[in-house]
Amino acid sequence: MTDVTGAPVDVLHTLFHSDQGGHEQVVICQDRASGLKAVIALHSTALGPALGGTRFYPYDSEADAVADALNLSRGMSYKNALAGLDHGGGKAVVIGDPEQIKSEELLLAYGRFVASLGGRYVTACDVGTYVADMDVVARECRWTTGRSPENGGAGDSSVLTAFGVFQGMRASAQHLWGDPSLRGRKVGVAGVGKVGRHLVEHLLSDGAEVVITDVREESVRAITELHPEVAVAADTDALIRTEGLDVYAPCALGGALNDATVPVLTAKVVCGAANNQLAHPGVEKDLADRSVLYAPDYVVNAGGVIQVADELHGFDFDRCKAKATKIFDTTLEIFARAKADGIPPAAAADRLAEQRMAEARTR
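Quick note: to get my numbering, add 99 to the position in the sequence shown (first position is 1).
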């Protein structure tokens, strides 16, 4: 069933009535000449222009793409708020296999759609898009970050994303074991692509024992050839069941924590780079009931957005790294509030983010 615009009624219901709703603006973009089909979702601009990346992914349906854009943009509002940035949350998704349909023409068309929003949305890289892509988008849109240094940008944001996750992991260790070091701890990393591979380097430098898995054999091989001491699990299901695992770091796509995975987790801490790790409301309580400490994903993976936001003001790596280091303190603050209020850390993080956005609206 569709409405007068031809949009599925369930999509409109999601926008206006569900828990995923409350978004300020959702833009459906299509450019027939290039094959572009995209969704840009602006959840909030209370703190400033919405900032969030562009995901390029072969969704099973347009409805799935809309749902992902809504979820991701909402997450960006909370992430930006707790990172202390003067930005709201937004996200864009491009529908299709980037290996098959990504082209210069398509990226330029996408850039024109972002530009049409007049600065309400600032875009950057995400799954399926890279620095070189943002350089192309920026030719049509000045509200583009994550560009190459040659084109006035800061380059790959995955470096500081991984650094921030490592700070969140150190805070988790401090809270649970009284020591921020990961030395001697067994850490499982699911997904060793753009962010995960940098995280592995931090962990090894800190003396952790690392186990990895990835659907891409070449990504695993790139790690093990450089670090033969790193163990490999057959898949994520095997990784989360690894005996003696202290920390689980989901660093691929969302939904890693669900009704099937939480009951079999052997780790006592979950702290990773993936967005939207909780598959549905209630999972955070399931983790708490099993005494698994969850470091909220949008708190610990904020290093990348800190970097791309800084790019708008003239990028300075040391300044960004200093801000990303504060993820350690923010994570500890969330754990302390969760304990004081008797709620899971995810709920405590939400409360802090919502408080900042509400204060901004009343100024």
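Careful: at least some of the hints might be erroneous.
Label-pair distances were calculated between CB atoms; the ranges are [said to hold, decoys possible]:
no., residue 1, residue 2, range
1, Lys384, Asp336, 20 to 26 Å
2, Ser390, Asp130, 27 to 33 Å
3, Glu198, Ala421, 36 to 42 Å
4, Arg340, Ile127, 39 to 45 Å
5, Ala457, Lys425, 34 to 40 Å
6, Gly217, Val363, 34 to 40 Å
Result set (BS3-like, lysine-lysine): computed pairs, CA atoms no more than 25 Å apart in a straight line [to be verified]:
no., residue 1, residue 2
7, Lys367, Lys438
8, Lys425, Lys438
9, Lys438, Lys420
10, Lys367, Lys425
11, Lys285, Lys367
12, Lys384, Lys422
It should be emphasised that the hints constitute simulated quantities derived from the structure, not laboratory data.
Idealized CB from N, CA, C, for every residue including glycine.
Status of the hints after comparison with the structure:
1. For the hinted restraint 20 to 26 Å between Lys384 and Asp336, the CB-CB distance of approximately 23 Å keeps it satisfied.
2. Range check, Ser390 to Asp130: Cβ separation about 51 Å, and the 27 to 33 Å hint is violated.
3. For Glu198 paired with Ala421, a C-beta distance near 37 Å keeps the hint of 36 to 42 Å intact.
4. About 42 Å separates the C-beta atoms of Arg340 and Ile127, a value consistent with the hinted range of 39 to 45 Å.
5. As the Cβ distance of Ala457 to Lys425 is approximately 22 Å, the hint placing it in 34 to 40 Å is violated.
6. The hinted range of 34 to 40 Å is not satisfied by Gly217 and Val363, whose Cβ atoms lie roughly 48 Å apart.
7. Pair hint Lys367 plus Lys438 holds up; C-alpha atoms about 16 Å apart against a cutoff of 25 Å.
8. Of the supplied pair hints, the one linking Lys425 and Lys438 holds, its CA atoms being roughly 20 Å apart against a limit of 25 Å.
9. About 28 Å separates the Cα atoms of Lys438 and Lys420, which puts this hinted pair outside 25 Å; it is violated.
10. Among the hinted pairs, Lys367 with Lys425 is consistent with the structure: their alpha-carbon atoms are about 23 Å apart, no more than 25 Å.
11. Among the hinted pairs, Lys285 with Lys367 is consistent with the structure: their alpha-carbon atoms are about 11 Å apart, no more than 25 Å.
12. A distance of roughly 30 Å separates the Cα atoms of Lys384 and Lys422; the hinted pair therefore is violated under the 25 Å criterion.
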